[in-house]
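Residue-level listing of the chains:
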Amino acid sequence: MLRALVLQSDFGISDGAVSAMHGVANSVDQQLSIYDLTHDIPPYNIWEGSYRLWQTMSYWKEGTVFVSVVDPGVGSTRRSIGVQTGSGHYIITPDNGTLTHIKRTEGIVAAREIDERTNRLPRSGESYTFHGRDVYAYTGARLASGAITFKEVGPELDPDSLEQLPVKEPEIRNGKVLGIIDILDIRFGNLWTNIPRDFFNQIGVQYGETLKVRILHNSQEVYHNSMTFGRSFADTHKGEPLVYVNSLDNLAVAINQGSFAKAYNIRTGSNWDVQFEK
Amino acid sequence: MLRALVLQSDFGISDGAVSAMHGVANSVDQQLSIYDLTHDIPPYNIWEGSYRLWQTMSYWKEGTVFVSVVDPGVGSTRRSIGVQTGSGHYIITPDNGTLTHIKRTEGIVAAREIDERTNRLPRSGESYTFHGRDVYAYTGARLASGAITFKEVGPELDPDSLEQLPVKEPEIRNGKVLGIIDILDIRFGNLWTNIPRDFFNQIGVQYGETLKVRILHNSQEVYHNSMTFGRSFADTHKGEPLVYVNSLDNLAVAINQGSFAKAYNIRTGSNWDVQFEK
Amino acid sequence: MLRALVLQSDFGISDGAVSAMHGVANSVDQQLSIYDLTHDIPPYNIWEGSYRLWQTMSYWKEGTVFVSVVDPGVGSTRRSIGVQTGSGHYIITPDNGTLTHIKRTEGIVAAREIDERTNRLPRSGESYTFHGRDVYAYTGARLASGAITFKEVGPELDPDSLEQLPVKEPEIRNGKVLGIIDILDIRFGNLWTNIPRDFFNQIGVQYGETLKVRILHNSQEVYHNSMTFGRSFADTHKGEPLVYVNSLDNLAVAINQGSFAKAYNIRTGSNWDVQFEK
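Residue numbers (the working numbering), protein chains in the order written: chain A, 1 to 278; chain B, 1 to 278; chain C, 1 to 278.
Be a bit skeptical, because a hint or two may be false.
Calculated pairs, BS3-like style, for lysine-lysine (alpha carbon to alpha carbon, straight line, at most 30 Å) [as the list claims (entries may be wrong)]:
1. B/LYS212 to B/LYS176
2. C/LYS61 to A/LYS61
3. B/LYS151 to A/LYS61
4. C/LYS212 to A/LYS262
5. B/LYS212 to B/LYS278
6. B/LYS238 to C/LYS212
7. C/LYS61 to C/LYS151
8. B/LYS176 to B/LYS262
9. B/LYS212 to A/LYS61
10. A/LYS238 to A/LYS212
11. A/LYS168 to A/LYS238
12. C/LYS176 to C/LYS212
13. C/LYS61 to A/LYS151
14. B/LYS238 to B/LYS278
15. C/LYS278 to C/LYS168
16. A/LYS212 to A/LYS176
17. A/LYS262 to A/LYS168
18. B/LYS176 to A/LYS238
19. B/LYS238 to A/LYS262
20. A/LYS238 to B/LYS212
21. B/LYS212 to B/LYS238
22. A/LYS262 to C/LYS262
23. C/LYS212 to B/LYS262
24. C/LYS278 to C/LYS176
25. C/LYS61 to B/LYS61
26. C/LYS151 to B/LYS61
27. A/LYS168 to C/LYS262
28. B/LYS238 to C/LYS151
29. B/LYS262 to B/LYS168
30. C/LYS278 to C/LYS262
31. A/LYS238 to A/LYS262
32. A/LYS212 to A/LYS151
Quick list of the computed label-pair ranges, beta carbon to beta carbon [claimed, not checked]:
33. A/VAL167 to B/GLU169: 24 to 32 Å
34. C/GLY146 to B/GLN30: 23 to 31 Å
35. B/ASP115 to C/GLU113: 52 to 60 Å
36. A/GLY146 to C/GLN31: 15 to 23 Å
37. A/SER270 to C/SER76: 52 to 60 Å
38. A/PRO42 to C/PRO43: 24 to 32 Å
39. A/GLY146 to B/GLY86: 42 to 50 Å
40. A/GLU169 to C/LYS278: 38 to 46 Å
Hints in this document: simulated from the structure, not taken from any laboratory. The C-beta atom is built at its ideal place from N, Cα and C for all residues, glycine as well.
Model the full structure from these sequences, guided by the hints.
What follows is the structure in structure tokens.
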């Protein structure tokens, strides 16, 4: 049976780039099921590409092949790789940190460097700027369709040699739960932290309790207020802030039917700290 | 034969939410054909979700399964339902008014409350905030693939018990045709009214005639001018306004190659009245 | 075997228009593979529609059927056509210049006018404004599925009778390479010219050399500076401008990890000249 092929990039869907990748994949095998994760990763934002892979991969069947192309180093010496995850999925991507989240959660059990002598679109010419089409979509489609095995991607690599972005760990200190704003739930402006739900169990926070929430940017306080820990948005009034458990079982902060990120001009990354206290 | 599965939401396509739903559906059955209606319903806008279902459903084959998730009440006591329409389509959705248009046009012939003991993604954990993935996409995919019958969605409901949004009816009064701006043809800024084309037949308006058009917001006049009733945009000059019959056989107002909505700052809803007079 | 169907339009994906086209195509044949090229062509921009077809078509398998609907003249006397290209692809479109690039590159080997007596969605009513759904998606799906042959699209036309947009040719004059800004690489703000890479071979420009670059809008200079001809972005520092060969083997101008188009407020078309000199 054919495996699904799932494509992600920072190309947007307003021009022909994604369709060229679809065409390359469809040309490899007309029976292939091709899906788009998102093509709206902010340009060059490897962190967000890594996060979105982690956010979605476990909901796809074992054996599904992901292609992720956020590739500011295209044309440099950065390697092109294919990996097999601990969860039995495959990812084809430049080796630039795109696997940061997946390596920590699912693990990488095998890695191979793409051999472009065999795994590059024939006649892909003198362009050095679109490996998403010429190398990644092509190789991903060939792997998903069974035209090549994982071994035929290219020579074996040590999974520990793969690039990783720096990561800041959440912690419990003096009864406070500390973490960072990992990413936004873009559409709704909710803040998703890197703090697992279980940390609240450890300090004994129950649904319905009121918490002090502080947010700091480069150690400067930008928000300090109290809010309820709710099971869902329905536990609050419209316009009220709340702490909740998001769809990845991490803690998140929101305004019911408003945008927390816009309201307080909050962004994401390791210089955006968040603290919860009973 | 497998039925198509068509997904709609207000999640946007910039993060991983839609792909997680695709993955859940694909995991149910790899042969399933999955389509997206739109995921760009404005956040929490149930009315627009209801309208888009009506706008598209009849162009899909009988038996197609729609999943629509505009769900401001996720985690509350609002019911999760599956319905069969008079046209032979299926819709899986929260019971919050999403079926307002379909109930009036196609009718609801059977309704069932989703039984989450069987129709919920296994291992979907402690999150109470993403029923789109854990309940609706999962149940829709199982129905579309034949893994469950419509009866197996859950216990039967009275279709008349389903939530409905308030609706304002168009009418003919003193030779004037009265209605509201139901929705925008977003990309082109055209105003789509709730007035069927047939009302012009009743007051004897022919293509090529000039009409007086008034638009009122909360009873305040915001537009008053004359324009032609044209068969299509090609009947007017660039920049000229016109009344025409839209792709749903309702009356609409536009500027040829311009945006009427932007030009006069016009929005939609039952407090946006429109009047046509010969 | 079924051919893929690839849809393009200026409809956007925020309302139900594209899904109505998907539904019409899926209703013709449930086994059909339906893809979207892009639906984000700027409204009425036939030139960009023509360009995106050219940018992607050769990456799709021979026999693939494209439907392109940028149709400011809907409802006028403009013809609806189906063509076969020199590369063995099919395109269904209004005859308004959408085939300008393809005719020059792949050539049109056969053309037919769509006979709406047979090739129009049954029951498509009194609307004269949505041929994308009622004529083009329907006919494209029927051709892709084999329900009709290319001959059955309708009566034969002379390919030389098809509408063409005016085109400005690149040239070499006094050692300068002259062309226009054909289009933007939207997401990244790169300028794509109409000048083939080979012109640099003719005047002897090598990778790594520094070039003078001038950009003029309506003959007024808007940019004049020197930059490197790089194999890829990796050959420059962040924020540095460069000339490179794009994924269509044409010359392009960019700022590494910045937007050239935004930085200098540059747009596209035959009144945007670009000059390269050693």
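Here is what the structure says about each hint:
For the given pair, B/LYS212 sits about 10 Å from B/LYS176 by alpha-carbon distance, which is consistent with the 30 Å threshold. At roughly 28 Å between alpha-carbon atoms, C/LYS61 and A/LYS61 fall within 30 Å of each other, so this suggested pair holds. A C-alpha spacing of about 27 Å is found between B/LYS151 and A/LYS61, which places the hinted pair at or below 30 Å, so the restraint holds. A threshold of 30 Å between alpha carbons decides the hint, and for C/LYS212 with A/LYS262 the separation of about 43 Å lies outside it, so the pair is violated.
Straight-line distance between C-alpha atoms of B/LYS212 and B/LYS278 comes to about 6 Å, which keeps the hinted pair within the 30 Å bound. For the given pair, B/LYS238 sits about 41 Å from C/LYS212 by alpha-carbon distance, which is inconsistent with the 30 Å threshold. Restraint check for C/LYS61 and C/LYS151: satisfied, since their Cα atoms lie roughly 21 Å apart, inside the 30 Å limit. Between B/LYS176 and B/LYS262 the alpha-carbon distance is near 26 Å, which keeps this suggested pair within the 30 Å criterion.
Taken as a hint, the B/LYS212 and A/LYS61 pair is broken in the structure, with Cα atoms around 59 Å apart against an allowance of 30 Å. Annotation: proposed proximity of A/LYS238 to A/LYS212 holds, straight-line Cα distance about 20 Å (limit 30 Å). Taken as a hint, the A/LYS168 and A/LYS238 pair is broken in the structure, with Cα atoms around 33 Å apart against an allowance of 30 Å. Straight-line distance between C-alpha atoms of C/LYS176 and C/LYS212 comes to about 10 Å, which keeps the hinted pair within the 30 Å bound.
For a cut-off of 30 Å, the pair hint linking C/LYS61 to A/LYS151 stands: about 27 Å separates their Cα positions. For the given pair, B/LYS238 sits about 23 Å from B/LYS278 by alpha-carbon distance, which is consistent with the 30 Å threshold. Of the supplied pair hints, the one linking C/LYS278 and C/LYS168 holds, its CA atoms being roughly 23 Å apart against a limit of 30 Å. Taking the CA atoms of A/LYS212 and A/LYS176, the gap is near 10 Å; set against the 30 Å cutoff, the hint holds.
Annotation: proposed proximity of A/LYS262 to A/LYS168 holds, straight-line Cα distance about 24 Å (limit 30 Å). Annotation: proposed proximity of B/LYS176 to A/LYS238 is violated, straight-line Cα distance about 40 Å (limit 30 Å). Of the supplied pair hints, the one linking B/LYS238 and A/LYS262 is violated, its CA atoms being roughly 39 Å apart against a limit of 30 Å. Among the hinted pairs, A/LYS238 with B/LYS212 is inconsistent with the structure: their alpha-carbon atoms are about 41 Å apart, more than 30 Å.
Between the alpha carbons of B/LYS212 and B/LYS238 the distance comes to roughly 20 Å, so the proposed pair stays at or under 30 Å and holds. Distance check on the hinted pair: A/LYS262 and C/LYS262 sit about 24 Å apart at the alpha-carbon level, within 30 Å; holds. Restraint check for C/LYS212 and B/LYS262: the C-alpha separation of about 42 Å exceeds 30 Å, so the hint is violated. A distance of roughly 8 Å separates the Cα atoms of C/LYS278 and C/LYS176; the hinted pair therefore holds under the 30 Å criterion.
Between C/LYS61 and B/LYS61 the alpha-carbon distance is near 28 Å, which keeps this suggested pair within the 30 Å criterion. Proposed proximity of C/LYS151 and B/LYS61 is supported: the alpha carbons are some 27 Å apart, at most 30 Å. Proposed proximity of A/LYS168 and C/LYS262 is contradicted: the alpha carbons are some 34 Å apart, above 30 Å. A threshold of 30 Å between alpha carbons decides the hint, and for B/LYS238 with C/LYS151 the separation of about 36 Å lies outside it, so the pair is violated.
Taken as a hint, the B/LYS262 and B/LYS168 pair is honoured in the structure, with Cα atoms around 24 Å apart against an allowance of 30 Å. As the CA atoms of C/LYS278 and C/LYS262 are separated by approximately 26 Å, the hinted pair is consistent with the 30 Å bound. A distance of roughly 16 Å separates the Cα atoms of A/LYS238 and A/LYS262; the hinted pair therefore holds under the 30 Å criterion. Straight-line distance between C-alpha atoms of A/LYS212 and A/LYS151 comes to about 52 Å, which puts the hinted pair past the 30 Å bound.
The beta-carbon spacing between A/VAL167 and B/GLU169, approximately 58 Å, falls outside the hinted interval of 24 to 32 Å. At roughly 25 Å, the beta-carbon separation of C/GLY146 and B/GLN30 lies within the given 23 to 31 Å, and the hint holds. Taking the beta carbon of each, B/ASP115 and C/GLU113 are about 55 Å apart, inside 52 to 60 Å as hinted. Taken as a hint, the range 15 to 23 Å holds for the pair A/GLY146 and C/GLN31, whose Cβ atoms sit roughly 21 Å apart.
Between A/SER270 and C/SER76 the Cβ separation comes to about 57 Å, which falls inside the hinted range of 52 to 60 Å. Remark: the range hint 24 to 32 Å for A/PRO42 to C/PRO43 is upheld by a beta-carbon distance near 25 Å. Evaluation of the 42 to 50 Å hint for A/GLY146 and B/GLY86 yields a pass: the beta carbon distance comes to about 44 Å. The given range of 38 to 46 Å is broken by A/GLU169 and C/LYS278, whose C-beta atoms sit roughly 54 Å from each other.
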